[in-house]
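**Student:** Listed here are the chains, written in short residue letters.
There are 2 protein chains.
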Amino acid sequence: MNRDKLFEQIKIKHSFLCVGLDADINKIPTHLKELEDPLFEFNKQIVDETNKYAVAYKPNMAFYESYGLSGWNSLKKIVNYIKTTYPNMFLIADAKRGDIGNTAKMYAKAFFEEMDFDAITVAPYMGEDSVTPFLGYKDKWVILLALTSNKGADDFQFIGNPPLYQQVLQKAQSWASPDELMFVVGATRASMLQDVRKTSPDNFLLVPGVGAQGGSLEEVAKFGMNNKCGLLVNSSRGIIYADSTDKFAIVAGEKARELRDEMDVLLSKYM
Amino acid sequence: MNRDKLFEQIKIKHSFLCVGLDADINKIPTHLKELEDPLFEFNKQIVDETNKYAVAYKPNMAFYESYGLSGWNSLKKIVNYIKTTYPNMFLIADAKRGDIGNTAKMYAKAFFEEMDFDAITVAPYMGEDSVTPFLGYKDKWVILLALTSNKGADDFQFIGNPPLYQQVLQKAQSWASPDELMFVVGATRASMLQDVRKTSPDNFLLVPGVGAQGGSLEEVAKFGMNNKCGLLVNSSRGIIYADSTDKFAIVAGEKARELRDEMDVLLSKYM
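Those sequence lines, one after another, are chains A and B.
So the mapping is simple: my numbering equals the position in the first sequence, first residue as 1, plus 825.
So the mapping is simple: my numbering equals the position in the second sequence, first residue as 1, plus 825.
Since the hints were derived computationally from the structure, they do not count as laboratory data.
Every clue listed holds true.
Remember, identical chains collapse to one label, so a pair may be satisfied in a single copy or spanning two.
Derived DSS-like pairs: lysine-lysine, alpha-carbon spacing no greater than 30 Å straight-line:
{"hint": "1", "residue 1": "Lys-930", "residue 2": "Lys-1072"}
{"hint": "2", "residue 1": "Lys-934", "residue 2": "Lys-902"}
{"hint": "3", "residue 1": "Lys-852", "residue 2": "Lys-877"}
{"hint": "4", "residue 1": "Lys-852", "residue 2": "Lys-930"}
So that you can see chain A by itself, here it is in the shape it has in the complex (with noise of 0.2 Å):
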């Protein structure tokens, strides 16, 4: 998906949402756990009451990675099932993968044509040849970690004058477009998304840390937007475990419309 038709889907869905779909099988509710395939069936089931208030989908490689074989499993159809079934979402592998020349084109190759994913997550530590392999996939995209949302984050990102985050998303630009580039900019650090839209004023951010994390959306917008929104902003557990009852879907859809509602009015707002 290019970056005009997925501001399409944002106006078109007045959201800018990403459901990070992180399925735990001990989180899940009981009853799904006695069905064939328990993380497939619940991930369906949130796609279908929150698709309409989302434009975006991640799920994280790690939860599906930790069962082996029936996870990978798992995770494809996942990807089959969205990619047939709702065409116009933005799919996200959050695979945080950071490896060099012909292992990290081994990853694209996994991650961008055995499954079809629109977008990979990428850590920066090794440098221009662990992003570039990702590139010149048309229309896919390459997600660089930038200044995650963690408290570890202070550990290196801000090393550096200017600080580590900053010369990642300046150098990352000299290797690619805003068309095949994003970066993952944390919510708890929405203040600084001022001085990420310094340096990035075009690309898209990806935007963890709402929610649970207690990030404010608000300021999210308010520092964060651009003329083409610029935003996809992650909620996981706020949407995927508000409920572990039988009605756990139709909670989801309702905490991924409320957050489409506030959504719809920052847009207004901001953009």
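We have chain A already, so just place chain B on it with the hints.
**Tutor:** Just chain B now, with coordinates in the frame of chain A:
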């Protein structure tokens, strides 16, 4: 496998060789491609011919993930084969994972429980909470990227004062002891191993970049060895693709033996 046992294996085998099992279906000998599981068969034959000269194997996850379910299946078979046939082998998942909290715990589960790896490579960008979830497994290891052997290492790893890679070495040692923490330090920067040893005297170092990438084994040993050897030097392509005929495994064995012979001399000289 704990540190004493790893050192014992190094002494028994006169070797600190790690063989990178980066099996690419496009590079393996033609006659294997007709078999039911070419990736498994290729690796099995490599392992059977090289195990006398190596103390560790390091499959890179990308090469298996890129084949989806069947690749994942091959990987599991390889891990099981090595663990049951050569139980004293140190097995490294070259995964370069870097995610936080619950997600990182899932990766730990995937590699330490779902599969029986001894160690996993981890990326430091997200800081402490992306590393600690992998710790605390008995005799399991985190191998943290510090100074990598690729060209892109120059993009970010030298930012700051002391440079980022040194801050990674130093901070990580406040999170874990040398009994569960190793570092990746590339052989293409062997002279920097002196600086690494100043701040990390006791940690094992996983050293890629010898051979195809041009690093010198002699320099690695000279600058990097400590009194428990403290080195695992990896070679992938130089061993596993040394020959592309039906003698590939025998030639791989010869290449591994040559490296072992060099290592034997270096162990006497520098340890």
